[in-house]
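**Student:** Here's the letter readout for the chains.
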Amino acid sequence: MMTHSNEHILIIDTRDDWLSLAEDALSRAGYQVTTARSIQEAKRILDANGDHFDLILADQKVADADIGVLHDVIWAEPDRRRRVVVVFPSEPKLIKMRTHFRLGAFDCVDKQYERDKLVALVQEIFGHPFSPQPRQSRPLAAASPC
Amino acid sequence: MAYNVLIVEDTPDWRAKLVGYLVQDEEEYNIFEAGDYETALQILDDQPLDVAVIDIRLVDWDETNEQGMLLLKELDRIADVNGTQAIVITGYGDKQKMRTAFRDYRVIDFIEKHWFKPVEFKETVRKAAEEAYRAREEVIDTKYPR
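Chains A and B, in that order, are what the protein sequence lines are.
The first sequence begins at 1 in our numbering and counts up by one.
The second sequence begins at 147 in our numbering and counts up by one.
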């Protein structure tokens with residue numbers, strides 16, 4: 001389903017197959033999608049683009065592996081952390097969900113492997129009354145090299 | 147300044163324990179206690195509260211009881227005026243209740259009873275009280291600019 005939206009989504013995940021699926025499904029649904037394969041790469045993109053993104057989908061394992069950097073680039077920015085949704089690849093432990101919520105994540109969700117379900121999930125996030133409002137469309141600046 | 151804190155907990159032992167930790171704390175609190183939903187509602191109506199600590203199951207023998215979630219909803223309705231912050235404490239938490247509490251009712255914390263740590267609890271209540279004060283000041287500044 002095409003939504004013709006201007007929402008920009010940053011997806012942080014190490015799994016190429018899931019990144020491809022998510023990028024393709026969400027782009028077809030009308031979202032503008034940028035991917036990062038690590039928190040470090042996400043940091044470079046975020047540093048170069050400030051608050052360009054309306055939603056950051058961060059894989060829980062990637063996030064937990066580099067939680068210090070994630071804290072510096074995302075949780076430390078009050079406006080940015082409300083845009084983060086942590087994606088759990090397997091049944092989440094409550095204590096892990098609590099950690100991310102306490103740090104300020106907007107939501108913690110199960111990873112969806114079906115295109116329709118993933119798009120529905122993102123639509124639901126943007127439709128929530130407390131979700132951050134989409135910003136004006138802006139061009140994406142190139143991240144500086146490592 | 148003493149903060150107003152409501153403890154909603156049907157189990158007398160737990161209620162006494164929570165009250166006890168706050169009485170011992172260096173911060174000064176006026177503590178209100180409720181052992182059931184109706185009493186809690188009455189206190190919510192009568193008292194401007196800074197913090198509400200809410201158990202989810204308020205009839206211990208009834209597995210279907212989730213009156214604490216109804217109190218969160220009620221609190222959310224009045225929180226914008228008083229800045230009241232909520233903390234959930236439960237022996238029966240699950241993923242959906244945690245998501246609803248954090249995402250929809252913007253609670254400060256969601257504590258499973260088997261994770262309970264007195265020092266952490268006292269810190270969380272202090273943080274919530276300060277946040278309530280800050281939120282209330284913000285409302286006053288908006289309504290009556292200095």
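It is worth saying that the hints were derived from the structure and are not from the lab.
Heads up, some of the hints might be wrong.
Stated by the list, open to error - Listed below are the simulated SDA-like cross-link pairs for lysine to any residue, each with C-alpha atoms no more than 25 Å apart in a straight line:
(1) A/Lys111 to B/Tyr251
(2) B/Lys273 to A/Lys111
(3) A/Lys96 to B/Val169
(4) A/Lys61 to B/Glu209
(5) B/Lys259 to A/Asp72
(6) A/Lys61 to A/Asn6
(7) B/Lys273 to A/Asp72
(8) A/Lys96 to B/Gly166
(9) B/Lys268 to A/Thr14
(10) A/Lys96 to B/Arg203
(11) A/Lys93 to B/Arg245
(12) A/Lys61 to B/Lys268
(13) A/Lys43 to A/Asp110
(14) A/Lys93 to B/Gly237
(15) B/Lys241 to A/Arg82
(16) B/Lys243 to A/Glu23
(17) B/Lys273 to A/Glu124
(18) B/Lys243 to A/Asp72
(19) B/Lys263 to A/Lys117
(20) B/Lys241 to A/Leu94
(21) B/Lys243 to A/Arg98
(22) A/Lys93 to B/Asp171
(23) A/Lys111 to B/Asp250
(24) A/Lys96 to B/Gly237
(25) A/Lys61 to B/Arg280
(26) B/Lys259 to A/Leu94
(27) A/Lys61 to B/Asp171
(28) B/Lys259 to B/Asp192
(29) A/Lys117 to B/Trp261
(30) B/Lys243 to A/Lys43
(31) A/Lys96 to B/Glu269
(32) A/Lys96 to B/Glu277
(33) B/Lys259 to B/Met147
(34) B/Lys259 to A/Gly127
(35) A/Lys96 to A/Gly30
(36) B/Lys243 to A/Leu94
(37) B/Lys241 to A/Lys43
(38) B/Lys219 to B/Asp206
**Student:** For each hint, tell me whether it holds in the structure or not.
**Tutor:** Against the structure, the hints:
Proximity of A/Lys111 to B/Tyr251 is assessed by CA-CA distance (about 23 Å); at most 25 Å being required, the pair is judged to hold. Among the hinted pairs, B/Lys273 with A/Lys111 is inconsistent with the structure: their alpha-carbon atoms are about 32 Å apart, more than 25 Å. Under the criterion of a C-alpha separation no larger than 25 Å, the hint pairing A/Lys96 with B/Val169 is inconsistent with the structure, at around 30 Å. A distance of roughly 33 Å separates the Cα atoms of A/Lys61 and B/Glu209; the hinted pair therefore is violated under the 25 Å criterion.
For the suggested pair B/Lys259 and A/Asp72, the alpha carbons sit about 31 Å apart, so the restraint of at most 25 Å is broken. Restraint check for A/Lys61 and A/Asn6: not satisfied, since their Cα atoms lie roughly 28 Å apart, outside the 25 Å limit. Note on B/Lys273 and A/Asp72: the hinted pairing holds, with a Cα-Cα distance of about 21 Å set against a maximum of 25 Å. Between A/Lys96 and B/Gly166 the CA atoms are separated by roughly 28 Å; this puts the pair beyond 25 Å, and the hint is violated.
Taken as a hint, the B/Lys268 and A/Thr14 pair is broken in the structure, with Cα atoms around 38 Å apart against an allowance of 25 Å. The hinted pair formed by A/Lys96 and B/Arg203 meets the criterion: a straight-line CA distance of about 22 Å does not exceed 25 Å. This hinted pair checks out: A/Lys93 and B/Arg245 have alpha carbons roughly 13 Å apart, not beyond 25 Å. This hinted pair does not check out: A/Lys61 and B/Lys268 have alpha carbons roughly 30 Å apart, beyond 25 Å.
For a cut-off of 25 Å, the pair hint linking A/Lys43 to A/Asp110 stands: about 23 Å separates their Cα positions. The straight-line distance between the Cα atoms of A/Lys93 and B/Gly237 is roughly 15 Å, inside the 25 Å bound, and the hint therefore holds. Distance check on the hinted pair: B/Lys241 and A/Arg82 sit about 19 Å apart at the alpha-carbon level, within 25 Å; holds. In summary, the hint linking B/Lys243 to A/Glu23 is not supported, as the alpha carbons are separated by about 30 Å, beyond the 25 Å threshold.
For a cut-off of 25 Å, the pair hint linking B/Lys273 to A/Glu124 is broken: about 31 Å separates their Cα positions. Restraint check for B/Lys243 and A/Asp72: not satisfied, since their Cα atoms lie roughly 29 Å apart, outside the 25 Å limit. The hinted pair formed by B/Lys263 and A/Lys117 fails the criterion: a straight-line CA distance of about 38 Å is larger than 25 Å. Of the supplied pair hints, the one linking B/Lys241 and A/Leu94 holds, its CA atoms being roughly 6 Å apart against a limit of 25 Å.
Taken as a hint, the B/Lys243 and A/Arg98 pair is honoured in the structure, with Cα atoms around 11 Å apart against an allowance of 25 Å. Our distance criterion of 25 Å between C-alpha atoms is broken by A/Lys93 and B/Asp171, whose separation comes to about 31 Å. Taking the CA atoms of A/Lys111 and B/Asp250, the gap is about 20 Å. The hint holds against a cut of 25 Å. With a CA separation close to 17 Å, the supplied pair A/Lys96 and B/Gly237 stays within the 25 Å bound.
Taking the CA atoms of A/Lys61 and B/Arg280, the gap is near 34 Å; set against the 25 Å cutoff, the hint is violated. At roughly 12 Å between alpha-carbon atoms, B/Lys259 and A/Leu94 fall within 25 Å of each other, so this suggested pair holds. Distance restraint check for A/Lys61 and B/Asp171: the Cα-Cα separation of roughly 37 Å exceeds the 25 Å cut-off, and the hinted pair is therefore not satisfied. Proximity of B/Lys259 to B/Asp192 is assessed by CA-CA distance (about 28 Å); at most 25 Å being required, the pair is judged violated.
As the CA atoms of A/Lys117 and B/Trp261 are separated by approximately 33 Å, the hinted pair breaks the 25 Å bound. The straight-line distance between the Cα atoms of B/Lys243 and A/Lys43 is roughly 32 Å, outside the 25 Å bound, and the hint therefore fails. Taken as a hint, the A/Lys96 and B/Glu269 pair is honoured in the structure, with Cα atoms around 20 Å apart against an allowance of 25 Å. For the hint pairing A/Lys96 with B/Glu277, the CA-to-CA distance comes to about 24 Å; that is within 25 Å, so the pair holds.
Between B/Lys259 and B/Met147, the direct Cα distance comes to roughly 29 Å. Violation of the 25 Å bound is thereby established for this hinted pair. With a C-alpha separation of about 33 Å, the suggested pair B/Lys259 and A/Gly127 falls outside the 25 Å cut-off, and the hint is violated. A distance of roughly 32 Å separates the Cα atoms of A/Lys96 and A/Gly30; the hinted pair therefore is violated under the 25 Å criterion. With a CA separation close to 10 Å, the supplied pair B/Lys243 and A/Leu94 stays within the 25 Å bound.
Our distance criterion of 25 Å between C-alpha atoms is broken by B/Lys241 and A/Lys43, whose separation comes to about 29 Å. In summary, the hint linking B/Lys219 to B/Asp206 is supported, as the alpha carbons are separated by about 20 Å, within the 25 Å threshold.
The structure fails to meet hints 2, 3, 4, 5, 6, 8, 9, 12, 16, 17, 18, 19, 22, 25, 27, 28, 29, 30, 33, 34, 35, 37 from the earlier list, while all remaining hints are met.
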